[in-house]
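Line by line, the protein sequences are chains A and B. Residue 282, in this note's numbering, is where the first sequence stops; the numbers in between run on with no holes. Residue 282, in this note's numbering, is where the second sequence stops; the numbers in between run on with no holes.
FYI, nobody ran anything at the bench for these hints, they're computed from the structure.
Below, a list of computed lysine to any residue pairs in the SDA-like style, where the Cα atoms sit at most 25 Å apart:
#, chain 1, residue 1, chain 2, residue 2
1, A, Lys117, B, Glu94
2, B, Lys280, A, Leu189
3, A, Lys76, A, Ser59
4, B, Lys196, B, Ala236
5, B, Lys280, A, Arg263
6, A, Lys196, A, Ala236
7, A, Lys235, B, Ala243
8, B, Lys117, B, Asp93
9, B, Lys90, A, Gln104
10, B, Lys133, A, Pro150
11, A, Lys172, A, Arg128
12, A, Lys172, A, Thr182
13, A, Lys133, B, Glu152
14, A, Lys280, A, Ala112
15, A, Lys90, B, Ala78
16, A, Lys172, A, Gly238
17, A, Lys280, B, Val111
18, A, Lys117, A, Arg103
19, A, Lys196, A, Pro177
20, A, Lys117, A, Leu60
21, A, Lys280, B, Glu134
22, A, Lys172, A, Asp277
23, A, Lys280, B, Ser59
24, A, Lys280, B, Val221
25, B, Lys117, B, Leu173
26, B, Lys133, A, Glu152
27, B, Lys133, A, Thr264
28, A, Lys280, B, Thr211
29, A, Lys172, A, Phe198
30, A, Lys76, A, Arg99
31, A, Lys280, B, Leu208
32, B, Lys235, B, Ala139
33, A, Lys280, B, Leu275
34, B, Lys280, A, Val100
35, B, Lys280, A, Arg118
36, A, Lys133, A, Gly271
37, B, Lys280, A, Arg155
38, A, Lys172, A, Thr251
39, A, Lys280, B, Glu94
40, A, Lys90, A, Val100
One-letter residues, chain by chain:
Number of protein chains: 2
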Amino acid sequence: MPADLAAAPLYREVKAALVASLAAGEWPAGEALPSEAKLAERFRVSIGTLRKAVDELVAERVLVRQQGRGTFVATHGPKRLLFHFFHVVRADGEKELPEPALVAFDRGRAEPHEAGRLAIAPGDRVFRIRNVLKLAGEPVVLDTIVLPQALFPDLTEKIFRDRDETIYGLYQTRYGINVVRAVERLTARLADRGTAKALGVAVGAPLLRIDRTALTYHDRPVELRTSLVNTAGHEYLADLGKGA
Amino acid sequence: MPADLAAAPLYREVKAALVASLAAGEWPAGEALPSEAKLAERFRVSIGTLRKAVDELVAERVLVRQQGRGTFVATHGPKRLLFHFFHVVRADGEKELPEPALVAFDRGRAEPHEAGRLAIAPGDRVFRIRNVLKLAGEPVVLDTIVLPQALFPDLTEKIFRDRDETIYGLYQTRYGINVVRAVERLTARLADRGTAKALGVAVGAPLLRIDRTALTYHDRPVELRTSLVNTAGHEYLADLGKGA
DNA sequence: AAGTGGTCTAGACCACCAT
DNA sequence: TGGTGGTCTAGACCACTTA
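Please construct the entire structure, taking both the sequences and the accompanying hints into account.
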């Protein structure tokens, strides 16, 4: 009997099954998965094969292993934010946790270009949230977040403002939406009046613009974010070739 | 007998030994390494352990495996350039190979800030090379490359201009210098007169500035490159969370 | 057909954590 | 002490390339 033409290796099937369970919320954020021995039994594979599947999810930072304790769904704490989702650092290279201040929280409709990137229909309801991020007390980044209301049904300004965790942490713990990846597109722009005022720069000053699409399992988009960064004293740090 | 406090796993030692051999040029660019069975024998480890070491080097794109053929030192061809070291894409997302045009080739001395990043002494001899990169026939990027002369002893304008491969390919094949990683720092700047002319934009137009340090084995810096990008029709694409 | 990397398994032992 | 992940090994078999 000929082999399947596009037969995926067993460990990929196991990985896909794990991702399906994760996407279904079988193991909530921070929860321990069953032990590797039990998972291997459940999928009827050897422990080596199971480990290879988990290895890949650990490399993608979806899962976290802790020797002696178990394997966990990675949580969105300050460390993960700083190391993997916030690349603006001081010009001297020092990393610093941004301090967000809510500027506006509105409801609206998705523009066509937003709808395309969010995989929703133009005109669908969205939240528009605006934040100023301070670094060392100085406003450096102006963020505009666009969220499909369908994914965050009961979100309110109060909930957003009173969260005691990171923004992606809120998505994860309250809405079961786990951001696992993001794609960023960077361009240079000139500051308009509103932005100049918010960031304390001159109109026409050069700004770094970051257009981010945040994705959950299966590369489903869940958030759009535009960041305007004053790079007078900060820069965007990218590391190529480590596995990116 | 107590275990070593900071004992590295065997496969890490094997990996370090492989990197040492690579850095020493034991297997030149594009050459096949000995088979996994032979390498396992050489390091006196099981094939599984040897494979784990090679796995990591493959993930870092230092080595390339080809089933049925062997394991090779990764070469710097157009594909590797496009996928891992050149992140400027058209605004519609299409990737395109840049076409470089040499603008200037000079010898000079390292400025203090350059010396720091290149791990050489201020005043050491360097090459300064300026390129304009065209995309779809239009000038989009102005590159300034700084190279320590000590690492590229016989480099001349003619050699640089007449190469029939990528720039990193030239470093690799002619000088045995294999760029395996790069760190990029991005900021927004306004175009000065010279840059505006080279890129065909107005003085004061916003440009994306990329400061890259290219590294070889053991994170030794080998090249500094400053790119000024006209992001009117292009953008810098970064993928977070895939392993970056 | 011979040689290479790719997958899968089974089991032993170690290091770490909770109790 | 028992359970967890981490390492290392040995071997079988498969898929692919080259000649």
